Structures are given as structure tokens and as C-alpha cells.
Amino acid sequence: MSINKNNYEAYFLDAVEGDLNSTEQQELDLFLSQNPDLKAELEEFEMLELNAETITNETLKSSLFREESTGLTEEEYLLIADLEGNISSDEKHKLNSLIAANPKLKKEQGLFAKTRLSNQEKVVFPNKSALIKKKGKLVYFIRYASAAAAAILAFIWFNTGQVDEQYNPRTANIETENIGEEKLQFANIIIEEEEEQEPEVSSPNVVEPAYNYEEPSYAEQVPEPKKEELETKDKPLEKLEKKDDPAIAIPNDDIAEAPKVKTPETESTENMGEAIADNSTLDNKKEFVPLDEFAKKAILKDKSVPEFISEEIASISNDKINYESVKNKQGKTQQFALNIGKLKISRK
Amino acid sequence: MTVKEYNNAVELYSDNVFRFILKNIRDEEKAKDIVQDAFEKMWHKIDEIDVLKSKSYLFTTAYRRMIDIIRREKKQGNWDEVSEQSYSHEGNYSDLSEILQQALAKLSEIQRSVIMLRDYEGYDYKEISDITKLSLSQVKVYIFRARKQLKDYLVSVETVV
Chain U
1 MSINKNNYEA YFLDAVEGDL NSTEQQELDL FLSQNPDLKA ELEEFEMLEL NAETITNETL
61 KSSLFREEST GLTEEEYLLI ADLEGNISSD EKHKLNSLIA ANPKLKKEQG LFAKTRLSNQ
121 EKVVFPNKSA LIKKKGKLVY FIRYASAAAA AILAFIWFNT GQVDEQYNPR TANIETENIG
181 EEKLQFANII IEEEEEQEPE VSSPNVVEPA YNYEEPSYAE QVPEPKKEEL ETKDKPLEKL
241 EKKDDPAIAI PNDDIAEAPK VKTPETESTE NMGEAIADNS TLDNKKEFVP LDEFAKKAIL
301 KDKSVPEFIS EEIASISNDK INYESVKNKQ GKTQQFALNI GKLKISRK
Chain C
349 MTVKEYNNAV ELYSDNVFRF ILKNIRDEEK AKDIVQDAFE KMWHKIDEID VLKSKSYLFT
409 TAYRRMIDII RREKKQGNWD EVSEQSYSHE GNYSDLSEIL QQALAKLSEI QRSVIMLRDY
469 EGYDYKEISD ITKLSLSQVK VYIFRARKQL KDYLVSVETV V
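Respectively, the protein sequence lines represent chains U and C.
Mapping the first sequence onto the working numbering, position 233 (from 1) lands on 233, and the numbers just tick up by one.
Mapping the second sequence onto the working numbering, position 109 (from 1) lands on 457, and the numbers just tick up by one.
In short, the hints are calculated from the structure, not lab data.
These numbers come from a predicted model, not from an experiment.
Hints should not be assumed to be uniformly reliable.
What the hints assert, rightly or not - Pair ranges (Cβ atoms, derived):
| # | chain 1 | residue 1 | chain 2 | residue 2 | range |
| --- | --- | --- | --- | --- | --- |
| 1 | C | K474 | U | K104 | 28 to 38 Å |
| 2 | U | D90 | C | E457 | 29 to 39 Å |
| 3 | U | K104 | C | S483 | 30 to 40 Å |
| 4 | U | S118 | C | D398 | 25 to 35 Å |
| 5 | U | T56 | C | S483 | 50 to 60 Å |
| 6 | C | R374 | U | D90 | 36 to 46 Å |
| 7 | U | E121 | C | H392 | 26 to 36 Å |
| 8 | U | I345 | C | I418 | 40 to 50 Å |
| 9 | U | S97 | C | S504 | 24 to 34 Å |
| 10 | C | S456 | U | P126 | 19 to 29 Å |
Beta carbons are placed, not taken as given, at the ideal position from N, Cα and C, and that holds for glycine.
Sequences are here, hints too, so could you generate the full structure?
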């Protein structure tokens with residue numbers, strides 16, 4: 001294809017781009033010599049070529065850098081550091097230079113200043129009065145409250161006569177190998193006891209403390225105790241009998257005559273009291289014992305219930321607890337006074 | 349710390365602790381519970397706490413309790429619902445303070461906490477670090493990024509208005 005008036009523009013573009021080979025370039029030169037009016041048009045094509053130039057914009061570059069720790073731009077970092085009062089003198093100098101070079105940063109500085117929250121905003125806590133402590137320490141109150149409450153409840157319970165009126169003692173039954181005729185005899189005893197629900201000092205019940213006593217299988221291997229031992233065994237019963245409280249008075253008339261068997265239990269049950277230990281003397285006998293009687297001897301250790309509770313609470317709370325009462329002839333409490341630390345309760 | 353000093357702390361700091369927690373979790377009842385819990389703990393340790401550190405103790409205790417609650421509720425999946433329902437003020441731009449509060453609500457819990465400790469209570473980075481158990485550099489980063497977000501929000505609101 002040779003150059004002509006219909007396709008010369010394509011040759012001109014290729015010439016500007018430098019895409020013509022030597023033959024095509026010679027054809028173009030010949031064409032231009034034959035058509036000098038088109039030389040100006042070729043020069044216009046040559047003007048369209050852009051020359052590469054280096055543009056340096058330090059402000060733009062600075063805005064693109066990111067501060068390492070926060071990931072913010074350098075401008076943002078410096079503006080915030082200035083607001084926070086956490087800016088070095090070099091950083092402050094740089095910030096001033098940036099603001100001078102780019103006045104828009106002044107507005108940014110103003111916007112950052114607006115991000116400060118005003119501490120003048122008041123929010124009132126509605127339950128403030130509930131937090132005020134008037135006197136003393138709540139912690140101490142809590143520590144002793146439960147002990148005091150327990151003492152008061154127990155005290156009221158045992159001094160309103162409810163125990164005597166409502167408490168229906170149960171009986172414990174110790175089974176033995178011998179049944180039949182003896183069983184009938186014990187049944188009679190039960191009836192007698194039920195008829196005498198309110199024991200009197202002058203005619204005490206035949207009541208023995210009961211506990212989970214199992215007939216020792218080796219009882220017969222133990223030699224018959226001597227008379228001195230029998231006398232020694234009777235002493236605790238005599239001691240108990242002297243107590244004023246009729247409910248815990250235990251006669252030893254029948255028991256003293258019963259054969260005594262020395263068992264390991266009688267030697268090891270120190271905490272159960274001697275009265276319980278002596279229960280081992282009741283071999284082959286079937287006894288019905290009210291649980292309250294057993295509890296008073298085995299657990300209360302012959303103390304009144306309020307006295308026992310007071311001592312237990314005192315041992316827990318370390319508060320000094322005193323209890324005093326005056327009973328009438330029927331054994332009912334008429335007057336009492338209970339002191340738990342500084343707390344004092346009394347009834348006359 | 350005496351009982352009188354404790355009561356003084358109630359007068360001085362209960363509102364501030366309440367504001368700090370309320371702005372964070374945006375639930376008044378929970379905020380009350382957290383504040384009461386913080387003061388109750390301080391009361392139980394009244395003999396151990398130096399009166400000069402009582403404010404810091406209260407904010408620390410309340411902040412940690414709040415974070416526990418936030419984490420627990422997020423785990424249960426109802427935190428975002430509560431936040432959206434109770435505190436959506438889209439379109440109500442009355443003044444800068446309100447706009448800022450809205451911007452504050454859009455921050456993460458940690459960013460919001462550090463910014464409030466910084467601006468409301470005037471704590472320095474070290475004190476904020478002690479309260480939040482973040483490192484000093486973390487505190488700085490959270491504060492800087494929070495400022496940036498708050499500023500961007502102000503700009504966006506200006507554009508909308």
C-alpha cells in the first residue's frame with residue numbers, strides 16, 4: 001500500500017509514534033515533498049505527544065504517610081498529639097510547618113478540638129442515699145446478724161412454752177433377742193409411760209437414755225464384773241438423779257440390780273456421757289426411751305436448751321452471750337434476760 | 349479509709365462512675381447495679397483502700413464489672429439489640445454535644461471507655477492504663493483512633509446538615 005491523500009493521516013500517526021519502517025518513512029518523505037501543504041498537519045500531530053515531567057508535591061506526600069503505632073496520617077497524628085498535649089517540640093515544629101503550607105489543616109485542628117467531651121455534663125446517680133453508711137460497719141452486722149437471729153428465735157421458741165405444750169416426744173426401741181413374754185412386759189411399761197407424760201420430781205419415770213446400741217456378740221466372753229465395778233457404774237446415775245430438772249432424773253433402783261457387762265463401747269464413749277455408757281448395763285432388756293430425754297443428756301450435757309445454744313453461738317461469733325432465767329414451780333420460765341454483745345433482751 | 353471518707357467518696361464519685369458506666373452500656377438499671385456493686389466492694393475493703401486511691405478503685409472495679417457484663421451479654425447475643433433499640437438518635441442533630449454523644453455511642457467499648465476516662469475524669473494515660481489493664485501504648489492508640497473517628501463523624505454530620 002502506498003501513501004496517498006486518502007490514507008496519509010494513518011502514516012502521520014505512525015510517524016509520530018515512531019512505528020514507520022525505513023521504506024514507509026521514505027514514502028512519507030516523498031509524499032510530503034509532493035504535497036508541501038500537508039507538512040503543517042504533520043506538525044500538529046507531533047504536538048499531541050506528551051513529554052514526561054517530574055512533579056514533586058511534598059504536602060501531598062506528607063499526607064499519605066502513616067504513623068506506625070496508630071495507623072493515622074502524619075497530619076492527623078500530629079494534630080491529635082497536639083490536642084492531647086502529647087507532642088514533642090520537633091513534632092510541634094513540623095505541625096506548624098504543615099499548617100503553614102496547608103491552611104486547610106487549621107480547620108482540621110478546630111474539628112479535632114471539638115472531639116473533647118465536656119465534663120460539665122452532669123449525670124446524677126439516683127441511688128446515692130442507699131450507698132451512704134450511717135454508722136458502724138455493715139460487714140460486722142452481717143457477720144453477727146445470723147448468730148443473733150438464731151439466738152433470738154431459739155430464745156423465743158423455748159420461752160413461750162411451746163416446747164412443753166406442743167412437743168410430743170417419741171420413743172426409741174432397742175430390739176433384743178428375747179421376745180414373747182418380755183415383750184408383753186415392756187408393752188406395759190410403754191402404757192405406763194404414756195400415762196405419765198408430765199414427770200414429777202417425787203415420782204420420776206423409769207427412763208433410760210437411748211442410743212444406737214448393738215448387742216455385742218462377745219459380751220459373754222467378758223468376765224463377770226466385780227462388785228466394786230458395779231458400784232462405780234452406779235455413781236453417774238446417782239449424780240444425774242440429783243439434778244433439779246425432773247425430766248432428766250433417772251432412778252437407778254432397777255438398773256443397779258441388772259447384771260453389768262463391760263464392753264468396748266462403755267470405755268470409748270466419753271463424749272456421750274457416762275449415762276449413755278451405762279446403757280450397756282441394760283443387756284437383754286427392751287427399753288423405750290423418749291428422744292428428748294436422750295437429747296438432753298447426750299447433746300445438751302444436762303444444760304438447758306437456751307444455755308446450750310448461747311454457748312454454741314458464743315463459740316462461733318466470739319460475742320459474749322449471757323442467758324439468765326427464773327422458772328416457776330411448774331418449770332416454766334417466768335423471767336429471762338438474754339445479752340448478745342451489746343444487744344440485750346429481757347422479759348419479766 | 350474511714351466511714352466518713354467512704355461517704356465522702358459516695359458524694360464525690362458516684363455520679364461520675366454512674367455517668368461513665370451509663371454512657372458505655374446505655375442501660376440505666378445495669379449501670380445502677382454496677383455502681384452499687386463497686387461501692388459495695390469498696391465498703392468491704394474499706395480498711396485496705398487508701399482514700400487517695402478510692403476514685404481509681406471505683407472506676408477500676410466498675411469498668412471490669414461492666415466489661416464482664418458486656419462480654420457475657422454479647423455471648424448471649426442480645427447486646428447489639430439493646431444498644432440499637434435504646435439509643436438510636438438518627439436525624440436529631442441539635443447541638444455539638446448531642447452529636448458528640450452520638451459519635452461516642454458509635455465507638456467500640458474500649459475506645460469509648462478510654463476517651464471518657466480521659467475527657468470526663470481527666471485521667472492521664474498511665475491512670476487509664478491502670479484502670480483498663482491496657483498497656484500505655486494501647487491506651488494511646490485507642491485514644492488517637494477514637495479522636496479520629498469522632499472527628500470523622502463530626503465532618504460527616506456537617507456534610508449531612
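Verification of the hints:
| no. | hint | result |
| --- | --- | --- |
| 1 | C/K474 <-> U/K104: 28 to 38 Å | holds (34 Å) |
| 2 | U/D90 <-> C/E457: 29 to 39 Å | holds (35 Å) |
| 3 | U/K104 <-> C/S483: 30 to 40 Å | holds (34 Å) |
| 4 | U/S118 <-> C/D398: 25 to 35 Å | holds (30 Å) |
| 5 | U/T56 <-> C/S483: 50 to 60 Å | violated (39 Å) |
| 6 | C/R374 <-> U/D90: 36 to 46 Å | holds (42 Å) |
| 7 | U/E121 <-> C/H392: 26 to 36 Å | holds (31 Å) |
| 8 | U/I345 <-> C/I418: 40 to 50 Å | holds (49 Å) |
| 9 | U/S97 <-> C/S504: 24 to 34 Å | holds (29 Å) |
| 10 | C/S456 <-> U/P126: 19 to 29 Å | holds (28 Å) |
In this structure, only the earlier hint numbered 5 is contradicted, and the remaining ones agree with it.
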